[in-house]
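*Asks:* One-letter residues, chain by chain:
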Amino acid sequence: MLVNGVSLRYGSQIALEDVSLRIARGSSFALLGPNGAGKTSLMSILATLRTADMGKVLVAGHDVNRAAQKVRRSIGVVFQDSSLDDRLSAEENLDFHGRVHGMPGKARRAAIDRVLDLVELSNWREEPVRIFSGGMKRRLEIARALVHDPEILFLDEPTVGLDAQTRDRIWTYLDGERRRRGLTLLITTHYIEEVDTADCICIIDKGRVIAEGSPAELKHAYGKPYLHVVIASPEVREQLLNAYEGAEVIGNGGVSIPADGEAFIPEFLARFGSRVSEIRFEAPTLEAAFLNLTGRTLRERFDGEREAQRAAGVRAGQR
Amino acid sequence: MSAFLPILRGIHGVWLREIMRATRDRGQLLGGVSRPLIWLLILGVGLNPYFRGEVFGEVRLVLPYNYLQFLFPAVIVLNIMYTSIQFAVSVIWDREFGFLREVLVSPMPRWAVLLGKVLGGATAATGHGILVLILARFADVTLAPWQVFQAIVYMFMLSFALTCFGVVLAGKVRSFEGFGVFSNTVILPLYFASSSVFPLDPSLTRTQLAVSYPEWLVVLIRSNPITYTVDVLRGILIGFNQFPPYIGLSLVAAGIAIFFLIALRGFGK
Numbered sequence: 001m002l003v004n005g006v007s008l009r010y011g012s013q014i015a016l017e018d019v020s021l022r023i024a025r026g027s028s029f030a031l032l033g034p035n036g037a038g039k040t041s042l043m044s045i046l047a048t049l050r051t052a053d054m055g056k057v058l059v060a061g062h063d064v065n066r067a068a069q070k071v072r073r074s075i076g077v078v079f080q081d082s083s084l085d086d087r088l089s090a091e092e093n094l095d096f097h098g099r100v101h102g103m104p105g106k107a108r109r110a111a112i113d114r115v116l117d118l119v120e121l122s123n124w125r126e127e128p129v130r131i132f133s134g135g136m137k138r139r140l141e142i143a144r145a146l147v148h149d150p151e152i153l154f155l156d157e158p159t160v161g162l163d164a165q166t167r168d169r170i171w172t173y174l175d176g177e178r179r180r181r182g183l184t185l186l187i188t189t190h191y192i193e194e195v196d197t198a199d200c201i202c203i204i205d206k207g208r209v210i211a212e213g214s215p216a217e218l219k220h221a222y223g224k225p226y227l228h229v230v231i232a233s234p235e236v237r238e239q240l241l242n243a244y245e246g247a248e249v250i251g252n253g254g255v256s257i258p259a260d261g262e263a264f265i266p267e268f269l270a271r272f273g274s275r276v277s278e279i280r281f282e283a284p285t286l287e288a289a290f291l292n293l294t295g296r297t298l299r300e301r302f303d304g305e306r307e308a309q310r311a312a313g314v315r316a317g318q319r
Numbered sequence: 001m002s003a004f005l006p007i008l009r010g011i012h013g014v015w016l017r018e019i020m021r022a023t024r025d026r027g028q029l030l031g032g033v034s035r036p037l038i039w040l041l042i043l044g045v046g047l048n049p050y051f052r053g054e055v056f057g058e059v060r061l062v063l064p065y066n067y068l069q070f071l072f073p074a075v076i077v078l079n080i081m082y083t084s085i086q087f088a089v090s091v092i093w094d095r096e097f098g099f100l101r102e103v104l105v106s107p108m109p110r111w112a113v114l115l116g117k118v119l120g121g122a123t124a125a126t127g128h129g130i131l132v133l134i135l136a137r138f139a140d141v142t143l144a145p146w147q148v149f150q151a152i153v154y155m156f157m158l159s160f161a162l163t164c165f166g167v168v169l170a171g172k173v174r175s176f177e178g179f180g181v182f183s184n185t186v187i188l189p190l191y192f193a194s195s196s197v198f199p200l201d202p203s204l205t206r207t208q209l210a211v212s213y214p215e216w217l218v219v220l221i222r223s224n225p226i227t228y229t230v231d232v233l234r235g236i237l238i239g240f241n242q243f244p245p246y247i248g249l250s251l252v253a254a255g256i257a258i259f260f261l262i263a264l265r266g267f268g269k
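First to last, the sequence lines map onto chains A and B.
Number 90 in my numbering belongs to position 90 of the first sequence; there are no gaps in the numbering.
Number 164 in my numbering belongs to position 164 of the second sequence; there are no gaps in the numbering.
Please note that a few of the clues may not be correct.
What the hints assert, rightly or not - Which residues of chain B face chain A? A few of them, derived with a C-beta cut under 8 Å, are:
#1 P6
#2 G13
#3 I19
#4 M20
#5 M108
#6 R110
#7 D140
#8 V141
#9 L143
#10 Q147
Said to hold, decoys possible - Sample of chain B residues with no beta-carbon within 10 Å of chain A, all distances over it, derived:
#11 N66
#12 V105
#13 P109
Hints listed in this document are in silico derivations from the structure and should not be mistaken for laboratory results.
All C-beta atoms, glycine included, are put in the ideal place defined by N, C-alpha and C.
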């Protein structure tokens, strides 16, 4: 999968600006970014739902503009919010998907059995989706995206709003499929702990790629190790703050010091070792790297709008 | 051929979903049954004695049928109009609840998705028309198998055109609430301002007509396409035509082509 110099605007708003990516077959790729960063827009372009204003996009070797049909045949998409028909049963939803992907009857039935087994919903196949819980719907949706045996699976925030058990199960299914069939995964998320297992992470914000690499590389490059120090007496605090640039007082009255370089700790211990009661070394985390790159302000605007729209739809649907 | 078969499967899949939804929606079925009953039993039976072609106490037209028979084809068209145009709700539903995206990322071309949907809606609407057709004997309409066949084919064509019209409307409406009002302001005026509940006799001259009806109503009825489409069905079922049937047939054919193309242009945006 190749994305080269893609830009997209909504009116005067720039959604994506000169985004370039390369994703290898069979890898798992995570797009990480705060809300409204452009993750979903990028996903829509890759899934041929939207056309980029500029740039070239190849998915599974096909151009999304010129060979959209071929691209659609090789991808499966799990959207951010449910796109199941909740008045049909689980099986009917999957059957519909198989039919619109042009699968003949026998292959369709075999695939439906397989994916229902995979997401452990075989006992629910006859039940209408209306009565499913949020986690079951999401699992069914993942199953549906796998019915036609795609090469690439797009998942837009697949685990938002789910409990820890369901999230864990979803990752188990996806990892299993990836290993068994060489499925390429492209995931967007803002749960940082979930991308730790990805092969490659791309952090985007405000429509721009700001960092790309394996989790270890990102941690190393952008995360800073810290040393948390519990001090023996208040005078020591002053001394520490004076001695180290960037040192900060933290909640419990201790001090946090940026700990760069191999030599930092021995040197610190030599100078202050006798005057502190406890030290704790904080290894660089992805979270720290992420916050470091995107800043701490929340951008909820896009989510708010979507929620309002959904609520209106639900109200009208109840009539 | 190998590329064509998957598309056919897809169209069948989309069609099947519409049928499953239509048959499971109790409310729609109930409306499809109760609407014609009310129209035929209450309006039809109630007005039957007053329908004699008299103007100012003097018989001007001799009608070879009674009011119930006259109204019967129009009630079929009304039922089809309601179901077809209400079909737009299904399109809005798919759009608002995100199901549309599931279809748009599939390899099916858009025209095929729309065709499957419209065929599904048209089948459901024809089904509702057939519900009325079952009541034929209660409306003193006797039908030969050939007439039933012709009627069903014509009803399906009409349903297809009106369903496409519904999809075009759906493209203009952004909410469910808006559509409820919209459909009533479209369906009922179209229906009443056609020659569906009262006859407009073409054998009368323009001046004679103006004596029976105000000029504006005559103009309105003559310019309403539903007038001609009801007239064709009336010709098939009770053998009475006020206008040459080719007008209605060509209107329906044009409706199918034009509304489908407009619907396709706005579909999936």
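*Asks:* Confirm or reject each hint.
*Replies:* Against the structure, the hints come out as follows:
1. P6: 2 Å, holds
2. G13: 3 Å, holds
3. I19: With a minimum Cβ separation of about 11 Å from chain A (threshold 8 Å), the hint on B/I19 is violated.
4. M20: 6 Å, holds
5. M108: Holds. Min distance 5 Å.
6. R110: 10 Å, violated
7. D140: 38 Å, violated
8. V141: 36 Å, violated
9. L143: 35 Å, violated
10. Q147: 36 Å, violated
11. N66: B/N66 is indeed farther than 10 Å from all Cβ atoms of chain A, at 39 Å.
12. V105: 5 Å, violated
13. P109: Non-interface label on B/P109 violated, nearest chain A Cβ at 7 Å vs cutoff 10 Å.
When the structure is compared with the earlier hints, violations turn up for hints 3, 6, 7, 8, 9, 10, 12, 13 and for no others.
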